[in-house]
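Each chain, letter by letter, is given below.
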Amino acid sequence: MDALDRRLLNLVQEEFPLTPRPYLELAQRLGVSESEVIARLRELKRKGIIRRIGAVFDLRKLGYVSTLCALKVPPERLEEVSEIVNSFPGITHNYLREDEYNMWFTLIGPSRKHLDRVLEEIKARTGLTELLELPAERPFKIRVNFDFKDGEDGGAEVI
Amino acid sequence: MRKLSETEKNIVRFFQGDLPLEPRPFQKAAEILGLNEEEVLAYLKAFQQEGLIRRFGAAIRHWQAGITANAMVVWRVPEEEVEAAGSKLASFKEVTHCYQRKTRPGWPYNLFAMIHGRTREECEDLARKLARSIGHYEYRVIFSTAELKKESMRYFTEK
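As you go down the protein sequences, you meet chains A and B in turn.
Position 126 (the first sequence) corresponds to 126 in the working numbering; numbering is contiguous.
Position 5 (the second sequence) corresponds to 5 in the working numbering; numbering is contiguous.
No wet-lab data here; the hints were simulated from the structure.
Incorrect hints may have been included.
Cut-off 25 angstroms, straight-line C-alpha distance, at most; resulting in silico cross-link-like pairs (BS3-like, lysine-lysine) [claimed, not checked]:
{"#": "1", "chain 1": "A", "residue 1": "Lys-72", "chain 2": "B", "residue 2": "Lys-88"}
{"#": "2", "chain 1": "A", "residue 1": "Lys-72", "chain 2": "A", "residue 2": "Lys-123"}
{"#": "3", "chain 1": "A", "residue 1": "Lys-72", "chain 2": "B", "residue 2": "Lys-149"}
Fair warning: this is a prediction, and the values are worked out from it, not measured in the lab.
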């Protein structure tokens, strides 16, 4: 990633223009051509740095509900259990963490009943019963963009 | 929360995916949705105004971008002090998510902040800074060691 990539990443996260020629507008702000912007975005996607370009919706306003869950998984069963957990489409994030509760995942669904059903199924299929479920009571902040500062190398790249 | 029309659900279904990398991406979307470009842009702007769309732009895989140190910092804060502590945490740009969550038997922590950095030390320093700023509450820094899944939610997929 070079300096232009980092400026582009900051712009496309926060200020993507909702206009007929959005890539042209980004290009004008960066002082490059529209085709350069498109080519760079394609490359950032190919490298896996950009997952997608689109809308991030407020799940509650679409009538959906969500929760955060943690499981105590025996170390030798991590792979198998993660396959089961990840197989549900409403599981959007899943991380291993350094805690007794070592697998943390988020679950989104169209109703509370749906969430309960998925969690019951996860317990049944894994045979694990120690599941913490910690729904949010109050959001203080939900931000999903990352600041790519000029002059930093952007870290190790995974190709 | 209001009920969405079928056209609005189609807008959600399209823009939860990936915007085409071509000069007139919204024109392309319009063709697929059976609308015109102007209507598509008007829907997106209305959704933003209503808060249905929280953000429009690129979703970044921060692991691939080199931001691989990621910790969940959890505090045990008395109910009447959560509001102040949560608002304070939310004001730090390094905190990407902050929620008050339910407690459970064996899990007394009710205030959660997600922090990201390039190294573990960077996250640890930040956690100390956050802890100092909100006061002397018991807290833990729980690092993630692997990302098992990260995807955008697909809404309205049930037919």
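Going down the list of hints, with the structure as the test:
no.	hint	result
1	Lys-72(A) <-> Lys-88(B)	violated (31 angstroms)
2	Lys-72(A) <-> Lys-123(A)	holds (11 angstroms)
3	Lys-72(A) <-> Lys-149(B)	holds (17 angstroms)
Violated hint for the displayed structure: number 1, the only one.
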